[in-house]
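Model the placement of chain L on the given structure of chain R, informed by the hints.
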Amino acid sequence: MMYDWLNNLIGSPILAMFIVSLLPLFIFILPFALLAVLAERKVSAHMQDRLGPMRVGYHGILQTVADIIKLLQKEDLVATATDKTLFNFAPLLVFIGSYAAFAVIPFSGFFIGSKIDLGIIFIVGVTGLVVAGILMAGWASNNKYSLLGAMRSAAQIISYEIPTLLIILTVIMLTGTLSLYDLSELQTAYFWNWLILGGPAIGIEKILLIPLMIMGCLIIYTSTLAEVNRTPFDIPEAESELVSGYHTEYSGMKFAMFFLAEYANMFAVSAIVSVIFFGGYQSPFGYLGNTLGLPWLIPIEQFFWFTAKGLFFVFVQMWLRWTLPRFRVDQLMAFCWKYLIPISFVILLLVGLITLI
Amino acid sequence: MALKTEEMVLNMGPQHPSTHGVLRLELQLEGEIIIDVIPHIGYLHRCFEKHAEAMTYPQVIPYTDRMDYLASMYNEFGYALAMERLMKIEIPERVEYIRVIMGELQRIASHLVALGTYGADIGAFTPFLFCFRDRERILHLFEITCGARLLYNYIWIGGVSHDLHPDFIRLTREFIKDFRPNLKELNDLLSYNRIFIERTANVGVLPLDTAINYGVTGPNLRASGMKWDLRKDDPYSVYHKFDYEIPVGSGEKGKTGDCWDRYFIRVREMEESIKIIEQAIETIPDGDVSSAIPKRIKPPEGQIYTRVENPRGELGYFIISDGSVNPARVKVRAPSFVTMQVLPELCKGFMVADVVAILGSIDIVLGEIDR
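Protein chains in written order, with the working numbering: chain R, 14 to 370; chain L, 269 to 639.
Isolated chain R (complex conformation) (with noise of 0.2 Å):
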């Protein structure tokens, strides 16, 4: 949709094609890592009974634009023993991973990328990647504490993504769509639609779908969770443990590129969390657009229910982080593989019942 207008606009598909695909780095992930980062300083500082940054700016807003600044003057170290093509790549090849998910996330009804109809198969294929460039960076910087980092990390992303996309089978069963862009539309106007409480359903399917579909919001938000790396598990980069794990050998801009990459996967995966369950762009309430009889304020007001329920559960990850303390790793496996993953079976196949009946 955005590309169509772009092209009547410009008249130019390629150039279209270029912003589109360029937009959600310049208008969302930058912005986005820029105050979350800066968010996480100040909600933790806060948690805490600190401050945080007070030097940059007012409150020290300007903080992360400082780090940064500093982050790119800084020399780009390689270290002798590390294998520099893997090394070199690894950090892009995450980066990909976590910017290509935000071709199909919907942040609006106007405002999507693309309409693909595999739109989450998309985004868990594409987040695969980010596999591949931890484990390559791992591997590459020739430092063990990377390895068993890198290690750690892969064995738990993929372990995760079973949950994860059990539950997704589920919405799928459910909905009988992949788009991501359909989907939202199915959990139109009111909060009640929200597949949360069991989607456009009514009657006593309803009743019996809320408390399973509150079981998978919280399966695959845990879930999600271990795919971005967060506490309680952030086992792959446990400083405590690990050094910083897979980064370890990383500075300077390709550190950065890391840093942005998990900034961006944490919204990715609220985004999906949202989309999947809380309407997406859909407002609980209807819009004022239709309202004032104004249709050019819908879209605007979808990116703002949007933007605030994806940075609602960043919120939460922040919460969780600066609260829990952090699994070891064979208890995260044993986690997933004994609780979260036969769960997810029971209620695929209830729901499966359910949509029978």
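Everything labelled a hint here was simulated from the structure, so no lab data went into it.
Think about it this way: if two alpha-carbon atoms lie no more than 30 Å apart in a straight line, the pair counts; the simulated BS3-like pairs of lysine-lysine are:
no. : chain 1 : residue 1 : chain 2 : residue 2
1   : L       : 523       : L       : 500
2   : L       : 500       : L       : 599
3   : L       : 523       : L       : 452
4   : L       : 599       : L       : 566
5   : R       : 97        : L       : 272
6   : L       : 318       : L       : 599
7   : R       : 157       : L       : 272
8   : L       : 521       : R       : 351
9   : R       : 87        : R       : 157
10  : L       : 616       : R       : 351
11  : R       : 351       : L       : 523
12  : R       : 219       : R       : 351
13  : R       : 87        : R       : 97
14  : L       : 616       : R       : 157
15  : L       : 599       : L       : 563
16  : L       : 318       : L       : 563
17  : L       : 599       : L       : 495
18  : L       : 509       : L       : 452
Here are the in silico distance ranges between beta carbons for each label pair:
no. : chain 1 : residue 1 : chain 2 : residue 2 : range
19  : L       : 511       : R       : 343       : 41 to 47 Å
20  : L       : 361       : R       : 59        : 42 to 48 Å
21  : L       : 271       : R       : 343       : 20 to 26 Å
22  : L       : 462       : R       : 310       : 45 to 51 Å
Not everything, but these chain L residues come out facing chain R in the computed CB check (under 8 Å):
no. : residue
23  : 390
24  : 391
25  : 393
26  : 398
27  : 401
28  : 461
29  : 463
30  : 464
31  : 620
32  : 621
Owing to the predicted nature of the structure, the values given are computational and were not obtained by experimental measurement. Quick reminder that beta carbons are idealized off the backbone N, C-alpha and C, glycines included.
Just chain L now, kept in the frame of chain R:
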């Protein structure tokens, strides 16, 4: 054809975020499982014992500060006590009370660091700052008393360097009033956190006989189930006048003597220390804060071994005097040094992440190990 395999050797430290200073651990790993741990020490060696021989007796006190830099007051306390016993001098009652108050405040401060960093080791960073916030107030109390926050040179032979600040009693009361709820908050946030218990219970179990064989003392020994505290068992100063308990590990969440027990014993010890401080500031007598001792301290020829219950265990001073102004020998029995030797025993068979948990739970201070 069998592939050639070998164990991975991982050097942990001396520059590592959770080796608590400059300890270097050589870990032999099978995947992530620990096969053996070899601690390497000496990165912080400052020849304290040899230095002491070139100093006069009072000049040794600032050096004792720098051994266990998280419990400086108690190091001075032990040294002053040993010297007073060697010289057979009586000290004023008020001095004894001040020393006990300072010692117990120091115990709380030291345990706060231990618990806070332990939380950070396990991955919970917030309790760390909560603990340091409370420790800050204790350091402030020390600062108004003697001007220093970490290395005090406060407890001198025969007395203390300054009397208490006029505000000291009031500020201590306020601190205690605020500290009790904070301790509860720490328990809610960390001690009874499900993930924290999963990480620490049944990990690094130290059986009582192993602990005794290795000579482990202090909270680590008590966590293994032995009621052994020098404040009760070999009383010194005015500890016999106060009413307090000696907490003992009971294996509440797992086996007796696991990491969680060692952690929680410190929380409970802080509560007992508060009780002692409360009683001491209510009953502290007036009087002089230094006894009449000569400017040049020349103890009679002889030797003495004195031990005190430092936050980390039994801190012993063995002092030999040849009758001159310099000690002939000052030997220190450092609790951390003894405790650290049990580390390989505890770690075998656990995972890399557990090494961090175990190392944090035995609460060693490298300044004291290397001296």
